[in-house]
Amino acid sequence: MLFLVVGIVGLGAPEARAILDEAHTFAMEAAVPAVGQGFTVREDYWSGEIKSGEPKLIKHQLFKGNEYWFWLGSSYDGTKPEVKIYDEDGKLVQVEATKEAHMAAARVLPPETGTYFIHVVVESAKKGEKVDWALAYGYR
Amino acid sequence: MATKTFLRAALILAVMAGPVWGQVEEVVEVDELDISNFPGALVEDVVVPVPSEVFMVLDKLGDPDWGAELYEGEYSGYTDRTQLALVFGTAVADGFVAVQAKDRAGIQRLGREVLRLGEAIGIRDAVVGHCNSIIESANDEDWKSIRRELDRTQSTVRTTMERMRDEDLAQAVSIGGWLRGTEVITSLITGAYSKDKAELLSQPDLVAYFGRSIDDMDEDVKGNEKMVAVGEGLEIIRKLMDNGDEVLDADEVTEMQEVCARLLGLVRESGSGGGEVGGGGA
Numbered sequence: 001m002l003f004l005v006v007g008i009v010g011l012g013a014p015e016a017r018a019i020l021d022e023a024h025t026f027a028m029e030a031a032v033p034a035v036g037q038g039f040t041v042r043e044d045y046w047s048g049e050i051k052s053g054e055p056k057l058i059k060h061q062l063f064k065g066n067e068y069w070f071w072l073g074s075s076y077d078g079t080k081p082e083v084k085i086y087d088e089d090g091k092l093v094q095v096e097a098t099k100e101a102h103m104a105a106a107r108v109l110p111p112e113t114g115t116y117f118i119h120v121v122v123e124s125a126k127k128g129e130k131v132d133w134a135l136a137y138g139y140r
Numbered sequence: 001m002a003t004k005t006f007l008r009a010a011l012i013l014a015v016m017a018g019p020v021w022g023q024v025e026e027v028v029e030v031d032e033l034d035i036s037n038f039p040g041a042l043v044e045d046v047v048v049p050v051p052s053e054v055f056m057v058l059d060k061l062g063d064p065d066w067g068a069e070l071y072e073g074e075y076s077g078y079t080d081r082t083q084l085a086l087v088f089g090t091a092v093a094d095g096f097v098a099v100q101a102k103d104r105a106g107i108q109r110l111g112r113e114v115l116r117l118g119e120a121i122g123i124r125d126a127v128v129g130h131c132n133s134i135i136e137s138a139n140d141e142d143w144k145s146i147r148r149e150l151d152r153t154q155s156t157v158r159t160t161m162e163r164m165r166d167e168d169l170a171q172a173v174s175i176g177g178w179l180r181g182t183e184v185i186t187s188l189i190t191g192a193y194s195k196d197k198a199e200l201l202s203q204p205d206l207v208a209y210f211g212r213s214i215d216d217m218d219e220d221v222k223g224n225e226k227m228v229a230v231g232e233g234l235e236i237i238r239k240l241m242d243n244g245d246e247v248l249d250a251d252e253v254t255e256m257q258e259v260c261a262r263l264l265g266l267v268r269e270s271g272s273g274g275g276e277v278g279g280g281g282a
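Heads up: the sequence lines are chains A and B, in that order. For the first sequence, our numbering assigns the number 1 to the initial residue and increments by one for each residue that follows. For the second sequence, our numbering assigns the number 1 to the initial residue and increments by one for each residue that follows.
To be clear, the hints were calculated from the coordinates, so they are not data collected in a lab. Check the hints yourself; a few may be wrong.
[As the list claims (entries may be wrong)] Pairs of lysine-lysine, DSS-like flavour, derived with a Cα cap of 25 Å:
1) B:LYS195 / A:LYS91
2) A:LYS130 / A:LYS99
3) B:LYS239 / A:LYS64
4) B:LYS102 / A:LYS59
5) A:LYS64 / B:LYS60
6) A:LYS64 / B:LYS222
7) A:LYS91 / A:LYS64
8) A:LYS56 / A:LYS91
9) B:LYS60 / B:LYS195
10) A:LYS80 / A:LYS99
11) A:LYS64 / B:LYS195
12) A:LYS51 / A:LYS99
13) A:LYS80 / A:LYS91
Values in this document were obtained by computation on a predicted structure and should not be read as measured data.
Chain A extracted, bound-state conformation (with noise of 0.2 Å):
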């Protein structure tokens, strides 16, 4: 689910009480350094549920000229994600990368204009288990 709240996921256990914006709290906080840098943080990001440990890819239009960050967050126990930036041929172009508990980040400078593959993948303790994920990007 795109831009929203999704709702309180996993009643019954502690861990999983958080709402999925939490996640988007922790790329926020991820996202600190860089808006002091000057970056515009964009308000829309990619939210939802996504098993430890799983991948998922992100389709996303970039500008060559502009430098972006993307940052990824996960609110749950234990989380370690990571976010990596393929151009359409599938060639990692990021130009630095951090990761750290509940935050990673990537920084790109798009060699050209165009669609580009963002791999966000989280691991938990337990493998399978479903965990919250955020990303969110800026750019200058």
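Go by the hints and put chain B onto chain A.
Chain B alone, transformed into the frame defined by chain A:
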């Protein structure tokens, strides 16, 4: 991961340091992804770039005359919700143009117009805060805040429409905004063509996505004569963009500009509209 091929090349570089030969190992990691055989899910949701993402690149490539691209017409006389949603998108894009032109009075007027359009669509409460922020930030000439608020406005409107189960109209807002942004971009490129600028129009996947979105709309929205015309025009634009790896030449950019301008004319026309849409000289 099964889909990824890690080609790890160890480059052993012999480096002479003074009279001694030493060895420095530099590991070069090449990470490739086989997109056609990707085992995970492809996320279907699309985040549409805001016009300022392209406008900023145009600023880096030259000194565009943003003032010449301002829209000073009215946003009134609309009652049809599909048309209102399309026009709402164009109005937000007009706001981004006004920011580039640093047109303080124009932005304040737009803030009021966006509120009026929001009222007409029935989402006044959702946009009033954004409109006030736009007007206040224009007073302070805080262009960055205005850009952020315009993005928020568009996002809030779409979210509100989705909550009201008006997903099709939410999509119409995105399409209207993209159309107006692209009309401005093509107009500026037509005035001072370069390949670097024309490359910014390489967005066939995005336009194809808009086309699919229209196909998936409810009959009353996609059958709306404005939306029919927009769908036809987008297909012309997609075909222009989808020319392999070639950058559009000056004639193609001009043709795209004419299609966008004609579509915008129809979208903004109060009363009945629609009709045939074609590229100039196509």
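Between LYS64 of chain A and LYS222 of chain B, does the CA-CA distance stay at or below 25 Å?
The hint is violated at about 33 Å.
For the pair supplied as a hint, LYS80 of chain A and LYS91 of chain A, confirm whether the alpha-carbon distance does not exceed 25 Å.
Holds, because 23 Å separates the two Cα atoms, which is no more than 25 Å.
Can the restraint linking LYS60 of chain B and LYS195 of chain B be considered satisfied, given a maximum Cα separation of 25 Å?
holds (14 Å)
Could you grab the alpha-carbon distance between LYS102 of chain B and LYS59 of chain A and see if it respects the 25 Å cut-off?
violated (33 Å)
Given the hinted pair LYS130 of chain A and LYS99 of chain A, is their Cα-Cα distance within 25 Å?
Judged against 25 Å, a Cα distance of about 20 Å means the pair holds.
Verify the proposed pairing of LYS56 of chain A with LYS91 of chain A, using a straight-line Cα cut of 25 Å.
Holds, at roughly 16 Å.
Proposed proximity, LYS99 of chain A with LYS51 of chain A (alpha carbon, max 25 Å)
holds (18 Å)
Is LYS239 of chain B within 25 Å of LYS64 of chain A, Cα to Cα?
Between LYS239 of chain B and LYS64 of chain A the Cα gap is close to 21 Å, so the pair holds against 25 Å.
Given the hinted pair LYS64 of chain A and LYS60 of chain B, is their alpha-carbon gap at most 25 Å?
holds (11 Å)
Take a quick look at whether LYS80 of chain A and LYS99 of chain A sit within 25 Å of each other, Cα to Cα.
holds (8 Å)
Within 25 Å, alpha carbon to alpha carbon, are LYS91 of chain A and LYS64 of chain A?
Measuring from Cα to Cα gives roughly 16 Å; hence the hint holds.
Take the C-alpha atoms of LYS195 of chain B and LYS91 of chain A, compute the straight-line distance between them, and say whether it is at most 25 Å.
At roughly 24 Å apart (the allowed maximum being 25 Å), LYS91 of chain A and LYS195 of chain B satisfy the hint.
In summary, the numbered hints that this structure violates are 4 and 6.
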